[in-house]
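Chemist: If you want the building blocks of each chain, they are given just below.
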Amino acid sequence: MAVASDVPKESFRLSMLIYDTRYRSVTIQVFVLILFALFLAWLLNNTANNLATRGKEFNFGFLWQRAGYDIGQALIPYTNDSTHFRALLVGLINTLVVAIIGCVLATVIGVVVGVLRLSKNWLVAGLMTVYVEMFRNVPLLLWILLSYVILSETTPQPRDFRVTDEMAAAGEAPAASMILWDSVAVTNRGTNIPSPLFDRGLGSADLGFMSVNLTTLAYILVIAGSVWVNRRILASARAQQEATGDRPVTWWKSILVLFGPVIALSVALGLHLEIPELRGFNFQGGILVAHSFTALVIALALYTAAFIAEIVRAGILAISRGQSEAAFALGLRPGRTMNLIILPQALRVIIPPLISQYLNLTKNTSLGIAVSYLDLRGTLGGITLNQTGRELECMLLMMLIYLTISLIISALMNFYNSTVQIKAR
Amino acid sequence: MKKSVFLGVVAATTMVAGAASAQATLEAVKARGELICGSNTGLTGFGAPDASGNWTGFDVDLCRALAAAIFGDATKVRFVPTTGETRFTALQSGEVDVLIRNSTWTYSRDTELALDFVAVNYYDGQGFMVKSDLGVSSAKELDGATVCIQTGTTTELNLADFFKQNNISYQPVTVADDSEAQRQYLAGACDAYTTDASGLAASRATMPDAANHIILPEIISKEPLGPVVRHGDNNWGDIVRWTYYALLIAEEKGITKANVEEVATSTADEEVKRLLGLSGDMGVKIGLDNAAFKNAIAAVGNYGEVFAANIGEGTAINLARGLNALWTQGGLQYAPPLR
Ligand SMILES: N[C@@H](CCC(=O)N[C@@H](CS)C(=O)NCC(=O)O)C(=O)O
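The listed protein sequences derive, respectively, from chains W and L.
Okay, so the first sequence: first residue is 1 according to full-length UniProt numbering, each after it adds one.
Okay, so the second sequence: first residue is 1 according to full-length UniProt numbering, each after it adds one.
So that you can see chain W by itself, here it is in the shape it has in the complex:
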């Protein structure tokens, strides 16, 4: 005891900040932090100075002014009288729609290709390898342009669908005709598909800051309700199976619960389809899915799927062979072995890299600019930026929005990841 307290207390010297390992790391960190803060201050100062010399101020007020331009694909009501903020929302929704559809398609294609690449069938495995290598090794922008050019240059113009009086008299067929029982028209501008119409729609409720379409809301509620009831049925069936060993027959109940209410609702609201029809220059009625959208989704999905396929393949290969051998020994067929034994375990390896693929896909949607798809980059970062001259504000806002979307995707996927990981009990 006495010995320990005898050690002379070394007095603190300034040089110790550098030569004493106890302090050195702190010194370095503080120094770097100061440098970083100075750099930030310089950036901000420089920006402020330059804005001042150009007589510009930093202000988001322009978002509430009239936008004045039109947008081809707007999934929420929008006219050129709407504000720039509304245009931003239209762009954001366009971005999200491409991202969501793209992610779903990419995952489906990626998983299928990844599994088939391991197929024992030489031809199938070879074809999948060719696909993966082709898509991974050519820049995405080229795939987007290629899909767009193929879609828009190989399809007929709307006027090719027209039957003039003389043609009708002569019994000639037009140069192009609609497909799928005359309900879908593919022109060089886009795909015209039928849209649902309601004779007795519920209208929409105005919540002040936004309006909600009650018909859509009714469908969402009914479907959610059906799914919930169906899960209860399955849960009670499982409970009975565990208690008695017999599983009651549930399939007809499930079908009834899942489809009955939706059909009833549709009949009650008078659902029917509005078929697009050639009037004037274009097909009118129905929904126009522009080729810029289709091309973007196809290219993004195929490109990202190639990466996902590799991730899936790596995930499957990471599961030891003993697992599938054990499953075969139990008499499971290869398909069921894959679905029940291998994939659930492989998911743990697959999900973390999958998150970054989703993030990539979402950010890559901004390449839609190449085919004039008006996403967030096209509205806020394109026309709004240009017409208002608010580069700094628009860019910052756009970065913030992409960052937020990415963080949300990460958070959701991390949550999902934590649910599929092995639970240590």
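Simulated from the structure, these hints should not be mistaken for laboratory data.
The reader is advised that the hints may include incorrect statements.
[As the list claims (entries may be wrong)] If you anchor each label on the Cβ, the simulated ranges turn out as follows:
#: 1; chain 1: W; residue 1: Met134; chain 2: L; residue 2: Lys164; range: 39 to 49 Å
#: 2; chain 1: W; residue 1: His272; chain 2: L; residue 2: Asn212; range: 37 to 47 Å
#: 3; chain 1: W; residue 1: Arg348; chain 2: L; residue 2: Ser108; range: 52 to 62 Å
#: 4; chain 1: W; residue 1: Met167; chain 2: L; residue 2: Met207; range: 24 to 34 Å
[Claimed, not checked] Selected chain W positions facing chain L (in silico; Cβ < 8 Å):
#: 5; residue: Lys56
#: 6; residue: Phe58
#: 7; residue: Asn59
#: 8; residue: Gln65
#: 9; residue: Asp70
#: 10; residue: Gly72
#: 11; residue: Ala74
#: 12; residue: Asn188
#: 13; residue: Arg279
#: 14; residue: Phe281
#: 15; residue: Asn282
#: 16; residue: Gln284
#: 17; residue: Gly382
#: 18; residue: Glu391
All of these numbers come straight from a predicted model, not from anything done at the bench.
Ideal Cβ positions, reconstructed from N, Cα and C, are used throughout, including at glycine.
Dock chain L with the ligand against chain W, hints included.
Modeler: Chain L with the ligand in isolation, oriented as in the chain W frame:
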């Protein structure tokens, strides 16, 4: 110690950065030894590189005249292609010294964008082009049509207004530049292409089947196109403005590329003497040589010559002088007195 050195460096850089942006454009151009002119990505007749990379055109000639006025050498100019979307940012950030690229003078560009339009070298208006077999003879018949439109332009806003006022609808296809618009229009992805009427004429001239396309009679807007500089450097603005007016005065006085030397030796007209640097010190007053305007005229010719050579009747673009005739001939082109 180290820290204070660093702080000093930071402060110095910031100040240098600040000084550089406030430094007069003319000084910067002279120090660089060449003028950087923001141009089109390629619009035949107005500004486009030819097969060997030489830029030619109506707007390009004004850049060359400026280079001649500043350096006495019309080749000391570099052209930077800009799209409708990038042009003003390129000018504001100092990437180009002056923007001469079919740009419309508007209130918000003048004020909010902190730019200065120093003159109008082409009075224009927005029009529509359609294929003649579309069977349309007026823009008001375009209800429901798909229209190709360049983004970042005034034309995009005018289009929305025009259709709204006439209570008709359209489907916009927003493209980045003229060549993409032409590709889409020719492929039939749009029924109509809309932009400045001069731009339409220029585009049509390069189409393989020019005769099959018509420009509809409606002109739906005023598009005064002219050279643009950054707001705040008034001397630079004066140089660009008066170089342009010099070309106009030359036309008014009958001075051409061919006879400028001869006129300089024989003229008795006081304004011509001032223009050609024979009396007064007009050039020196704006920081140039007294022969500046003479050099500009000798390099590209007067306004009428520039017009006729690039876009006038007889060229493929075949535009009439119309509003762009001199005021003495019933047009709007009018230069203030040079005195
Ligand atoms: N005058 C309009 C339109 C300018 C514009 O973009 N013009 C087109 C055709 S007249 C052009 O120069 N295109 C050539 C290019 O994209 O490089 C404006 O200033 O906003």
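Chemist: Does the structure break any of the earlier hints, and which numbers would those be?
Modeler: 6, 7, 8, 11
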